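The listed protein sequences derive, respectively, from chains X and L. In terms of numbering that gives the first Met the number 0, the first sequence has 85 at position 86, counting the first letter as 1, and numbering is strictly consecutive. In terms of numbering that gives the first Met the number 0, the second sequence has 592 at position 593, counting the first letter as 1, and numbering is strictly consecutive.
By construction, these hints were calculated from the structure, which means they are not laboratory data. There could be a bad hint or two in this list.
Claimed, not checked - Simulated crosslink set (EDC-like; lysine to aspartate or glutamate; CA at most 16 Å straight-line): (1) X:40 - L:119; (2) L:770 - L:126; (3) X:40 - L:126; (4) L:100 - L:154; (5) X:271 - L:650; (6) L:15 - L:529; (7) L:49 - L:101; (8) L:455 - L:650; (9) X:271 - L:652; (10) L:600 - L:580; (11) L:592 - L:606; (12) X:267 - L:119; (13) X:267 - X:257; (14) L:562 - L:606; (15) X:27 - X:57.
Claimed, not checked - Derived list of chain L stretches under chain X, where covered just means 3 residues or more per stretch with a C-beta under 8 Å from a C-beta of chain X: (16) 111 to 124; (17) 638 to 648; (18) 710 to 723.
Given the structure is predicted, the values throughout are model-derived calculations rather than measurements. The beta carbon of each residue, even a glycine, is placed where N, CA and C say it ideally should be.
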Amino acid sequence: MIPQAVDYKRAGSVSEAISLLAENPDAKILAGGHSLIPAMKLRLNSPSLLIDIARIAELRFITAGDGAVAIGAASTHNDIISNADIQSRFLAMVEAGELIGDTQVRNMGTLGGSIAHADPSADWPGVLLALNATVKVEGAGGTREIAAADFFTGFFSTALEEGEIVTEIHIPNPVAGANSSYQKFLQPASRFAIVGCAVAVVITDGVISEAKVAFNGVSGEGAFLDEAVSTALLGKAATLETIEAAVAGAAEGIDINEDHYASKVYRKHLAKVYAKRALVAACEL
Amino acid sequence: MSNKFIGKSIKRVEDKRFITGHGRYTDDIVLPGMTYAYILRSPYAHANIKSIDTSEAAAMKGVVTIMTGEEVGHYGVPCGWQVNFKNGDIMKEPPHPLLVKDKVRHVGDAVALVVAESREIAQDAAEAIIVDYEVLPAVTDASKAVEAGAPQVHDSVPNNICFDWEIGNPKAEVDEAMASAAHITSLDFVNQRLSPNAMEPRSYIGHYDNVYDRYTLYTSTQNPHLIRLLMCAFVLGLPEHKVRVVGPDVGGGFGSKIYHYTEEALVTLAAKKTGRPVKWTETRSEAFLTDAHGRDHVTFAEMGFDTEGKIVGLRIKTFANLGAYLSTFSTAVPTYLHGTLLQGLYTTPKIHLDMTCVFTNTTAVDAYRGAGRPEATFLLERLIDLAALEMGIDPTELRLKNFIAPFDGVTQPGYQTNVALQYDSGNYHGVLARGLEMLGYEDFRKEQAEAAKTNKLLGVGFSTYIEACGIAPSAVVGSLGARAGLFEVGQVRVQPTGSVSVFTGAHSHGQGHETTFAQIVADRLGIPMENVEIHHGDTESVAFGMGTYGSRSLAVGGSAIVKSLDKIIEKGAKIAAHKLECSPDDIEFADGKFTVKGTDKSLTFGDIALTAYVPHVYPANLEPGLDFSSFYDPTNFTYPFGCHIAVVEVDKETGATKVKRFIAVDDVGNVINPMIVDGQIHGGLAQGIGQALLEGIEFDSTGQIINASYMDYAMPRADDFPMFELDRQVTPCPHNPLGVKGAGEAGCIGSTPAVVNAVVDALWSGGHKVKDVRMPMTPERVWTAMQS
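Please take these sequences and the hints and turn them into a complete structure.
Here's what the structure looks like:
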């Protein structure tokens, strides 16, 4: 629990952070530190330099635009759940953010830090998948915009290239009839998700016209969109029967995670239960 | 005597420093020239050490010294309680070396100590030490460790059996009683291993003063004097008068800081060797691996009933896991602190416990909040609730059929159990009746029937417990194998200006002694509380002491202070009589005044204090000064009891359990500070409910703990609980001057089976007639129970 000696630099701007990263290939980006610092204390990770981007003002904003809400990567979990534009548009984000850690964690941890870390059990990846978010990244070579579905590539891995940092997350504004929900079965110690299910639906005249169902915690490979459940919902009446029939096929063909809190069989069962609960909430049944 | 403080919820005087972050814990102490130690620990549960190479580490800049088993392995820490085999043979007591040189026996076993200029350097150097291990198969389950062919933890201990032991009636009589039973309820269960998780990790500083040839050990401990005695007399061979042990502010112990740990002796040796102070503070990861764990029983128990529902017999076979080495009190916990409580609140005529205590490749197991008594209560209360379900009798009615009748221990004798103890006073019907009233039992059963039709099952679980506190009459525990007395010391020094310094051998590590003890002193002497200062935790200021554990501080330590207060008042009356020109018999002392009976002639306590130290007008043949020290050795244990009731809701879809209500009616005798007692009960409930639902050390097949961090070991949090509903009944202890019984462990002892019983009750209400759900009752375990 004693980290190796490490240098620390607080970047004043995105460009400074990117330069520092380019100059120090062993460096790690510090964006809240709630996963990185414990790993360093256990000496699982021993970077030579920490580049702190959590206090870069240009990374900490939430702006509601015509097409999307843009969230700066250094926005804390608490910034997000207490933002009126988020609250009125993306209930799933509020429900997910409120269940991250505790008040202290929510005041320090950031959205960008969480998704760049891509813990398979973290809450944000599933939510961003369901809400069809786009992740904006920047490196020495310029900026890229990556769909969430392409950003998360597996167990603690993302589409970020060497020298790139996450700068913004864009979430498309909800259309008429849209709603979302995130329901989570907590691991009682860490309070990460054993199963987290994020859903976004559009209901038109009582019929589910769009649906995205995403899970985190279920697979060791990370958050994923469950296309089978989404497809099974489309064009059907927004009823409990529809939902129950659709979730029966949840997490099929997925390499299910297991640990001493949840076996594969139980986790798969929970995936169905929590998909149902999230869909019932989003469909306001 | 005044009546201003006792019985009042006085705010804790120590809290100002604690809640403003100014507590002074061992790790806060920085001595000039301080060095820092790091201990290299075994990553394996069981392995031979083929070689240790410290050369690279020793050459690193900033490394002061490195010690290995080669240098200090001949020193070892002792066990403080000898228990014999059934056949009279002495228990197996293999050495517990300060550093291991030949074979590591659990993950975290200490291999080398690095002393350096900083903690970082010490750990960097420790990582440069090369240890060549030959890994051996490990065993972690006590019931499997006794099997033929199991890995052998110590060569000198065949089949890993430290000792076997029994208590109660002769086995044949119990077998006969069970054979006559109309119904037998049996239960195969595990009372799982727990990690104590004190908020402050263990921390020690060794200091050697070469001018005076004196040692000082600062230690995060529950009993400084006992540590000094053990370390000096049994480990290092140092004279006690050359050694000072200080236990400053200590952030929780729950039993885990009672014991003399190897690291205390190591920093002392290292300080002498280096000539510099040596501080070692464990990391949280080390705490999980090396702080003595609690519980870990594998049990098969049977309770027999006649056709009327009266208990006719209780028969138990238990394997208790002691870990790899004997900790200070580890042998007493599954025996004299456990077997002696198997009478419970019931008139069970025949009881037999067959206990086998076993070494395994695991962290040592010792007392953890309740220590043996939670295991006894769990066993009894699970059996009786399960028997009620099986026999179709209401669980409260079954208890009432079997309760020991009320007795006050004054006009009625104490209750002699079949397992050695004699209960002091009790009214068991009273606490159950009050609990049921608070619950609204009849309405609950209706609500439960409705809930059974939904996705959320409701259940209620009862636990009517008794425990033994106020440890203990020295002669009794001595006859049972304790290698120490268990009295307490209380010194009261009245200063010339009338303020009072109190020195107690009890040690506060969260209990609020500085408040509770001051309430007693202020009331007895009729002075303001702020005129009283409580000193504890330093062998140089406190004459002697046995420390704090087993809910003993008030019953034993408080009584020692009362004895000294009585002597102060008696001597004060002699001084007052002389000055007021009357006989001491004509003096009465009340509200801080010595008064000639029937007159308005009086002197204040302050007048008498000053006179004692400026004895110009003073009785002949009376020594000056007003300062008394007393040793109090209790005549019996104290026996708090109570009724705990849990109401739970079980989610049929997920198996998740939510505690909806928790009612605790405790009888802890007289209460000095109700708020502090409530706090003790709350903390105990959190740990007891935590055991039922959340906590538990889990090993893999190689002996690694798979949940040795707060990311994986579920400590309970406030939002895991409802608001607790507390009430108290008061049946004073008849044999100590305060009439107090002890409240530190009650919450933890009573609550665990109430919660498990409630979950089982909920499952039965849903048609799932399971006997048990293994603790911690994780959602998956409960869900699995509902699938069968």
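Does the structure break any of the earlier hints, and which numbers would those be?
2, 12, 14, 15 and 17
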